[in-house]
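Asker: Listed here are the chains, written in short residue letters.
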Amino acid sequence: MPFLAPLAIAGLAFIPLILAFYMLRLRREERAVSSTYLWQQLVRDVEANAPWQRLRRSLLLLLQLLLVAILVLAAARPFLERPAGLARDVVLVVDASASMGATDVFPDRMTAAKRAAADALVELPSDGKVSIVAAGETARVVANEVTDRGRAAALIEGITQTAGKGDLTEALRLADALASRARGAEIIVVTDDAGSAAPDLRTQAPVRVVPVGRDRHNQAIAALSVQTGAGGVKRSLFVSIANLDASAVSRRLQVLADGQPFTARDLFLDPLTQTQVVIDELPPGTSVVEARLSALEPSGAEASGAEAAGPPDQLAADDAAWAIVPSDRLQRILLVGPGNVYLQNALSLLPNVELYGATAEEYATTTGLEQFDLIVFDGVLPAELPDKPVLAIAPPRTSVLGTVSGTLEQPAIGRVAPDEPLLRDVDLTRIHVAEAQRMELPAWARTVLPGPSSAPLLYSGLRDGLATAVLAFDVRQSDLPLQVAWPILVANLSGELLGRDASTLQPIKPGAPVELVLPPGTAGMTVTAPDGTLTELRPPDGGAATVTFVGTSQLGAYTAEPIPAPVEPNPSGSPGARATPTPSPSPSPSGSAAPIAAGQLRFAVDLFDLEESNIAPGDGARLTAIGGQPVTGGEAGIARDEWWIPIALAALALLLVEWLVYERDGARRIRGWLGGLGRRPRTPKGAAR
Amino acid sequence: MTDQRAAPASEPEKRHDLLPSAVDPTVFDETFLRQLEQLMLVTRKAVRGGMKGVRRSAKRGVSVEFADYRDYSMGDDLRTLDWNIYARLEKLFIKLFIEEEDVTVHILLDASGSMGTGEPDKLLFGKRAAAALAYVGLASYDRISLAVLQGRVARRYPAVRGTNRIFQVLADLSPVQAAAGPTDLAACARHYAAQLTQRGPLILISDCFDANAERAISELAGTRCEVAVLQTLSPEEFDPPLEGDLRLVDAESGSGVDITADLATIDAYRARLTAWQAGLEAVATKRRASFVPVPTTLPLADLVFAELRRRRVVA
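Protein sequence lines, in the order shown, are assigned to chains A and B.
Mapping of the first sequence onto the numbering used here: position 583 corresponds to residue 583, and the numbering continues sequentially without gaps.
Mapping of the second sequence onto the numbering used here: position 280 corresponds to residue 280, and the numbering continues sequentially without gaps.
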């Protein structure tokens with residue numbers, strides 16, 4: 001038997017050492033006794049007082065010598081050689097998509113895949129190299145040309161399953177690139193081969209598939225969305241449920257509003273069909289709705305409830321979905337000015353908005369300003385600004401909103417920041433302005449639309465904690481109202497000034513980045529994941545308007561809260577004019593209060609991928625078909641099977657036996673002590689008690 | 001000791017000084033002494049004594065217990081003639097009565113080096129047992145002959161009689177120390193047997209840790225005394241608290257024995273101890289002697305009133 005580490009056999013030198021220990025006489029502790037008369041008759045160790053004694057037969061000695069021999073054997077790493085079943089260079093692709101979480105094999109497909117991948121490496125030649133690619137939402141190289149099989153197995157074990165759709169095509173492309181570095185390389189794909197779309201590529205290296213998975217029992221929530229009625233207040237929930245199993249099943253759909261059970265429906269799902277469920281009248285004030293698909297609980301009346309419910313669902317990832325409910329609070333905007341049809345139309349088109357109008361004179365006598373969420377001053381400016389978010393258009397004079405230092409004739413639009421949220425989807429290329437106020441940017445604002453000579457045409461910011469934006473030109477002095485960009489710009493402005501952002505209402509794919517708009521005056525965002533993990537996002541430079549969150553690996557509802565910026569002292573010392581509105585007799589705004597704090601955002605990460613939900617395992621033929629032909633004529637590798645594991649187990653067993661032999665007296669002593677607790681002091685037979 | 005009423009009233013300090021300092025004073029309280037006075041050392045055979053006592057003697061004498069008749073001869077005391085017989089048979093017969101004498105109780109205390117070990121001290125226990133048995137004898141109007149066995153001799157103390165001589169016994173016992181050198185128990189027994197003149201109960205208090213212990217019992221039994229052997233062993237000798245690789249040093253000879261004390265060794269020792277005690281008991285039984293193994297943890301009252309009674313050493 002050959003050895004990988006023959007030098008370890010030198011460890012046999014310990015055997016004479018052990019023998020020497022046994023032959024060396026012990027240095028004994030002296031103990032005075034009344035008489036050695038009895039001891040002399042039974043003593044076992046009465047050899048002459050010499051440093052060495054004759055070696056006696058001892059079970060412990062035998063066991064210890066055997067143990068040393070076995071440990072030396074294990075350290076020498078004996079092995080047996082056999083022809084290898086794999087090429088010298090192997091690229092292992094491990095599918096880590098959501099469908100690998102199916103539990104049709106114990107404990108789940110991902111664990112079984114890891115085990116199968118590690119088992120496959122047994123066929124690797126002794127000088128073979130393995131690269132490992134994890135096919136999650138993105139393809140990732142886990143290991144590159146690892147020669148140690150143990151390390152490769154550990155790296156495989158460290159692959160985590162993702163909650164989203166796996167990118168097997170990209171992983172195969174990456175694997176092919178890795179395989180192309182060596183001649184005769186081979187690609188091994190460990191996958192359930194679920195889904196219908198075949199990878200659109202051809203690899204040069206041959207592809208071998210290690211299939212994982214057995215059944216296809218799965219039902220999924222394919223879609224979940226909240227739809228607002230024509231009135232803007234009534235909301236209904238739309239749920240699409242897919243039965244991807246070949247047999248009909250019964251399931252229960254449970255809907256939770258902000259974590260509280262709201263309603264439930266028992267559904268009968270035909271095989272390979274999709275069922276739509278509409279649930280009307282969501283509870284007012286709901287911010288997050290969750291749908292769960294579960295098995296029917298067998299009731300007493302239902303004799304064979306479990307059979308009627310069908311086979312159990314084997315993939316849990318698609319049995320729950322979340323949707324963000326847009327704020328249903330009706331918001332009021334007061335437009336103060338002589339009248340601007342373009343502005344009125346754009347504002348009235350906004351959802352959940354009631355528009356009120358007043359002239360400058362009427363505004364001076366208006367009470368109940370606290371009922372409004374935004375006040376738009378079109379070409380006018382009151383003496384005292386209200387304690388509300390303000391959009392000022394062409395302010396006629398200098399105020400806390402900015403200094404007016406003149407007018408600009410046909411100002412050109414400067415270079416805008418690409419990530420400016422107020423200009424999202426706003427096409428500025430065909431906008432012309434005839435005349436604009438020459439404004440100076442105040443300290444609290446950021447430039448949104450730069451003009452000539454650092455005079456902004458549009459700026460926004462947080463003025464004493466109030467969202468404020470200033471448009472330097474009258475829209476009627478430009479062609480902006482005639483273009484598509486106008487309602488979009490008004491929507492963006494109202495979104496920022498009213499604290500609304502519709503970009504996060506759509507479901508987000510697992511792993512996809514989310515761009516979060518920073519409200520004015522905030523230093524960043526703190527994102528709370530469904531499991532409570534907090535992630536703090538701060539833009540690298542202070543002027544960025546958005547931050548990007550990439551930790552969307554979990555399914556569920558996320559909450560993003562703004563981090564307040566440190567308060568800077570106001571150099572002017574004037575906090576600005578503050579209106580003191582009188583109590584208004586007008587009714588309070590309809591709709592409930594917003595459940596989300598100001599500036600807070602929510603977004604939901606959902607799977608919603610029928611291809612991943614379809615867990616019917618494939619045979620891997622389509623993957624094998626994209627591979628090239630194996631290189632023939634090469635020298636076959638030699639695989640080595642090391643024997644240290646059974647030898648180490650034998651050593652462990654021997655160690656246990658040695659311990660038992662050594663401790664048998666101790667065990668008996670303890671047993672005797674426990675048993676003799678009530679009998680002490682021990683007296684001989686016939687002695688008085 | 002709180003037995004001032006049992007001692008002469010004029011010598012309270014002396015009585016106190018006579019007590020072994022290590023003797024538990026509560027052992028010999030008045031109640032205990034009164035109980036001891038109710039006991040008597042058992043003699044199965046009538047033996048000749050020296051003075052008048054309360055035990056049946058082998059001799060014929062004056063008592064109330066009829067023994068036999070014999071023919072009248074000249075010079076006999078006419079008061080002992082049975083006139084009723086003479087009236088019926090017209091022959092003169094003399095009535096013989098059993099004589100009541102004292103006996104000599106021999107108490108032999110082994111004071112070898114091995115007796116000086118143990119917790120509690122075996123020699124101390126032996127002294128206390130000897131004192132208690134001596135008091136039992138003295139209360140029964142017996143003579144107490146005390147001897148201490150050390151080396152190869154038995155050192156006898158003058159025999160005493162009467163309960164008030166218990167302090168003399170205690171004074172004799174108090175200074176006894178364990179011998180420094182080896183002790184030959186058989187030689188000591190032989191030496192005592194050679195000095196013995198009057199038979200009676202003989203009590204040997206010893207741990208018997210001697211290769212010639214059986215011969216010692218035989219020597220004492222050969223004196224035709226009624227021998228009782230009280231083997232005193234300390235708890236450490238019943239259950240040695242030994243563990244590991246040790247050299248055991250003999251308290252008498254100083255010789256060492258190397259052992260590896262594990263549970264098997266301790267079990268073998270216990271078995272050997274039991275077999276050895278059984279051998280001693282067999283020898284004692286064969287020689288019509290009593291063998292009483294006594295742990296030193298046994299209270300003195302239990303020894304006297306329970307164990308020795310059960311073994312018919314006292315009654």
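None of these hints come from the bench; they were simulated from the model.
Do not take every clue at face value.
As the list claims (entries may be wrong) - Where chain A lies over chain B, by a calculated footprint (3+ residues, C-beta under 8 Å):
no.: 1; region: 78-91
no.: 2; region: 115-126
no.: 3; region: 215-221
no.: 4; region: 247-255
Every residue, glycine too, gets a C-beta built ideally from N, C-alpha and C.
Asker: Against each hint, give a clear statement of whether it holds in the structure.
Answerer: Comparing the hints with the structure gives:
1. 78-91: With 0 residues in contact (Cβ-Cβ under 8 Å with chain A), the coverage given for the region 78-91 of chain B is violated.
2. 115-126: holds (count 4)
3. 215-221: Violated, because only 0 residues of the region 215-221 of chain B bring their Cβ atoms closer than 8 Å to Cβ atoms of chain A.
4. 247-255: With 8 residues close enough to chain A, the hint holds.
The structure does not agree with the numbered hints 1, 3 stated previously, though it agrees with the rest.
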